[in-house]
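Peer 1: So the chains spell out like this:
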Amino acid sequence: MRSVWRGAISFGLVTIGVRLYTATEEHDFRFHQVHREDGGRIRYKRVCQVCGEEVAFADIAKGYELDDGRVVVMDNEDLDKLPINTDHAIDVLEFVPAEEIDPIYFQKSYYLEPDKAATRPYVLLRTALEQSGQLAVVKITIRQRETLAMLRAREDLLVMHTMLWPDEIRKPEFDFLDGETEVRPQELKMASSLVESMAGSFDPGDFTDDYTEAMQKLIEAKAEGAELPEQPEAEDTGEVIDLMTALERSVEQARSARGESARGQSGRGEGKSAEKKPAARSRASSGGSQSRASQSRTSRSRASGGLAAKDAAKAKETKEKAPAKKRAKPA
Amino acid sequence: MTLFERVYAGVMRAVWRGVLVFGLVTFPVRLFPVVRPHGVRFRLVHRDDSGRIRHRRVCEVCREEVGLADVVRAVETAQGRVVVVEDEELARVPVAPQRVIDVVQVARVDEVDPVVLGRAFHVEPEVAAVGSYVVVRDALARAGRVGVARVVLRRRERVAVVRPRGAGLVVQTVLWEDEVREPDLGFLDGVGAVSGSAERMASELVESMTAPWDLSVFEDRFATAVAGLVAEKTSPFE
Numbered sequence: 011m012r013s014v015w016r017g018a019i020s021f022g023l024v025t026i027g028v029r030l031y032t033a034t035e036e037h038d039f040r041f042h043q044v045h046r047e048d049g050g051r052i053r054y055k056r057v058c059q060v061c062g063e064e065v066a067f068a069d070i071a072k073g074y075e076l077d078d079g080r081v082v083v084m085d086n087e088d089l090d091k092l093p094i095n096t097d098h099a100i101d102v103l104e105f106v107p108a109e110e111i112d113p114i115y116f117q118k119s120y121y122l123e124p125d126k127a128a129t130r131p132y133v134l135l136r137t138a139l140e141q142s143g144q145l146a147v148v149k150i151t152i153r154q155r156e157t158l159a160m161l162r163a164r165e166d167l168l169v170m171h172t173m174l175w176p177d178e179i180r181k182p183e184f185d186f187l188d189g190e191t192e193v194r195p196q197e198l199k200m201a202s203s204l205v206e207s208m209a210g211s212f213d214p215g216d217f218t219d220d221y222t223e224a225m226q227k228l229i230e231a232k233a234e235g236a237e238l239p240e241q242p243e244a245e246d247t248g249e250v251i252d253l254m255t256a257l258e259r260s261v262e263q264a265r266s267a268r269g270e271s272a273r274g275q276s277g278r279g280e281g282k283s284a285e286k287k288p289a290a291r292s293r294a295s296s297g298g299s300q301s302r303a304s305q306s307r308t309s310r311s312r313a314s315g316g317l318a319a320k321d322a323a324k325a326k327e328t329k330e331k332a333p334a335k336k337r338a339k340p341a
Numbered sequence: 008m009t010l011f012e013r014v015y016a017g018v019m020r021a022v023w024r025g026v027l028v029f030g031l032v033t034f035p036v037r038l039f040p041v042v043r044p045h046g047v048r049f050r051l052v053h054r055d056d057s058g059r060i061r062h063r064r065v066c067e068v069c070r071e072e073v074g075l076a077d078v079v080r081a082v083e084t085a086q087g088r089v090v091v092v093e094d095e096e097l098a099r100v101p102v103a104p105q106r107v108i109d110v111v112q113v114a115r116v117d118e119v120d121p122v123v124l125g126r127a128f129h130v131e132p133e134v135a136a137v138g139s140y141v142v143v144r145d146a147l148a149r150a151g152r153v154g155v156a157r158v159v160l161r162r163r164e165r166v167a168v169v170r171p172r173g174a175g176l177v178v179q180t181v182l183w184e185d186e187v188r189e190p191d192l193g194f195l196d197g198v199g200a201v202s203g204s205a206e207r208m209a210s211e212l213v214e215s216m217t218a219p220w221d222l223s224v225f226e227d228r229f230a231t232a233v234a235g236l237v238a239e240k241t242s243p244f245e
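Sequence order for the protein chains is A and B.
Residues are numbered in my numbering as their position in the first sequence, beginning at 1, plus a constant of 10.
Residues are numbered in my numbering as their position in the second sequence, beginning at 1, plus a constant of 7.
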């Protein structure tokens, strides 16, 4: 791992030298662009729209276009004069209770490593955050941008999450929010049962990126000149039912799936782990997922609010794919 | 329109339309991006003549400019072979249904590690679906839980959480497990226990600096400074 930033946390009069490491890395499938005729990689050439010449990086500036089309060119000296914090500091502004934080603000995550001499104050801050259940609101300048961020104790480490600025969060302007929508108590009760019956522990490892896997297979198949399998079309057998019925049937389905799953596991004497992840497991055990599958094929239905039964039907097909990875895991 | 209004103007436009599936409850919704980046947006220009910079596609092999129609996606294999992937082939890659937010599980709010959170979207129900939307929202809020869903955004399959937020629902994408790096930092080896008095002091400091959560008290001074600079450089033009 290579650090992306070096500086110090200042916390009251305490200074803690730290380095930041990117905590995440998207595994997006990245294609190159190539010229169809000769397979040559496409490169981008920067060309000026006015003089038509290729322009070197050194001759490119930031421009701000006015309403009438004229352009204000910003020089580096202009930008250098801006009052930004360049002293490599993570300034602790205040502390807030963890449960008050709206996750919508979270952006990128970084792990913090202390400099050798700073290990003790680092562990101290981490411990204080953990014990108080608080997060530190900090300001940091990364790549010339002032950014708001949070420091959080995560296992043995401090983790920093960069945050959006409040004015960067759009307010939802939905008409339905203006009117009063009545929720019928029995519907809410049924929906709450459904929530309960689908409850499980969230573990990102329960899910597999089927698309990326399929893409890899496609590339491998093409590399060997093999034929591609056709995609079967999902059938639409949607039956229109009302919300209450949909809720009731969903609860039944989720409960029965859970029951079958527990039986499937009991043979191996794994009662404890079956308890731990009921919802995920119901899909994980092969018995459970087969019964789900056949059920969804025969009694595929949707609530009256729905327009896209076909898509809903397809959704049921995907649920069958979900367990693939879980099944491979030892119980 | 003033400069600031122009910068902050942003129209909400749906980026996704489909159905939310929760058990057998299915209702049509639209997604709107939550983020509207603030700050002045620059474009690249040629310093000499203020001309806008355009990016032209040029082939590395034949050195010619290539039209979009002649550009294809490709992957380079470990042996250096170039495998071209056509649009039709890509369309046949079995992807989860494109128009479904499929809630497959319900989890406790505090189980979702903020490290895995990605892009967020406001969820709006279509007119006919408000009833279902409100029921699902209230049931999740009452239980203090979030839905864990599969969703396809821009042909990329993703896991997402569906969470009540105020009067609405928010969908926020979640990284795949292998997208989170495991920290491998050996600095903790040999670190003894923190002394009790230091711990108390640190806790006291944390306590004394504690405030309720309200990000609006902080200002992006850099963005403001850039906007000021732009305004300053603009005034001689007007």
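Heads up, a few of these hints could be off.
[Claimed, not checked] Here chain A is said to cover these stretches of chain B; the calculated rule only asks that three of the stretch's residues, wherever they fall, bring their Cβ under 8 angstroms from a Cβ of chain A:
1. 20-31
2. 50-58
3. 81-95
4. 127-135
5. 186-194
6. 226-239
[To be verified] 27 angstroms max Cα-Cα, derived BS3-like pairs, lysine-lysine:
7. Lys240(B) to Lys72(A)
8. Lys240(B) to Lys91(A)
9. Lys118(A) to Lys55(A)
[Said to hold, decoys possible] Between beta-carbon pairs, the in silico distance windows are:
10. Gly203(B) to Glu87(A): 21 to 29 angstroms
11. Val78(B) to Glu223(A): 22 to 30 angstroms
12. Gly151(B) to Thr255(A): 23 to 31 angstroms
13. Arg99(B) to Leu76(A): 19 to 27 angstroms
14. Val187(B) to Thr25(A): 23 to 31 angstroms
15. Thr25(A) to Arg99(B): 35 to 43 angstroms
16. Asp188(A) to Glu83(B): 52 to 60 angstroms
17. Leu51(B) to Pro195(A): 52 to 60 angstroms
18. Gly203(B) to Pro195(A): 29 to 37 angstroms
19. Asp185(B) to Leu76(A): 28 to 36 angstroms
20. Gly22(A) to Gly235(B): 16 to 24 angstroms
Just so you know, these hints were derived from the structure itself, not from any lab.
Here a beta-carbon is modelled for each residue, glycine too, at the ideal position from N, C-alpha and C.
Peer 1: Confirm or reject each hint.
Peer 2: Now the hints, each set against the structure:
1. Check result for the stretch 20-31 of chain B against chain A: holds, 6 residues qualifying (beta carbon to beta carbon below 8 angstroms, three or more required).
2. Using a Cβ-Cβ cut-off of 8 angstroms, 9 residues of the stretch 50-58 of chain B lie near chain A, which meets the minimum of three, so the contact claim holds.
3. Note: the stretch 81-95 of chain B has 9 residues with beta-carbon separation from chain A under 8 angstroms; the three-residue rule is met and the coverage holds.
4. Counting residues of the stretch 127-135 of chain B whose beta carbon lies closer than 8 angstroms to any beta carbon of chain A gives 7, which reaches the threshold of three, so the coverage claim holds.
5. A stretch counts as covered by a chain when three or more of its residues have a beta carbon under 8 angstroms from one of that chain; for the stretch 186-194 of chain B and chain A the count is 7, and the coverage holds.
6. Judged by the Cβ-Cβ criterion of 8 angstroms, the stretch 226-239 of chain B is covered by chain A as claimed, because 8 of its residues qualify and three suffice.
7. Taking the CA atoms of Lys240(B) and Lys72(A), the gap is near 13 angstroms; set against the 27 angstroms cutoff, the hint holds.
8. Taken as a hint, the Lys240(B) and Lys91(A) pair is honoured in the structure, with Cα atoms around 13 angstroms apart against an allowance of 27 angstroms.
9. At roughly 31 angstroms between alpha-carbon atoms, Lys118(A) and Lys55(A) are farther apart than 27 angstroms, so this suggested pair is violated.
10. At about 53 angstroms, the CB distance of Gly203(B) to Glu87(A) disagrees with the hint of 21 to 29 angstroms.
11. A hinted range of 22 to 30 angstroms holds for the C-beta pair Val78(B) and Glu223(A), which are about 26 angstroms apart.
12. At about 27 angstroms, the CB distance of Gly151(B) to Thr255(A) agrees with the hint of 23 to 31 angstroms.
13. Here the CB-CB span from Arg99(B) to Leu76(A) is close to 48 angstroms, at odds with the stated 19 to 27 angstroms.
14. At about 29 angstroms, the CB distance of Val187(B) to Thr25(A) agrees with the hint of 23 to 31 angstroms.
15. The hinted window of 35 to 43 angstroms between Thr25(A) and Arg99(B) is violated, with their beta carbons roughly 57 angstroms apart.
16. Distance hint for Asp188(A) and Glu83(B): a CB-CB separation of about 54 angstroms, consistent with the stated range 52 to 60 angstroms.
17. A C-beta distance of roughly 59 angstroms is found between Leu51(B) and Pro195(A), which places it inside the suggested range of 52 to 60 angstroms.
18. Checked against the hint of 29 to 37 angstroms, the C-beta distance between Gly203(B) and Pro195(A) comes to roughly 52 angstroms, which is inconsistent with it.
19. In this structure the hint that Asp185(B) and Leu76(A) lie 28 to 36 angstroms apart at CB is violated, the actual value being about 47 angstroms.
20. Checked against the given bound of 16 to 24 angstroms, the beta carbons of Gly22(A) and Gly235(B), roughly 32 angstroms apart, lie outside it.
Against the hints set out earlier in the document, violations occur for numbers 9, 10, 13, 15, 18, 19, 20.
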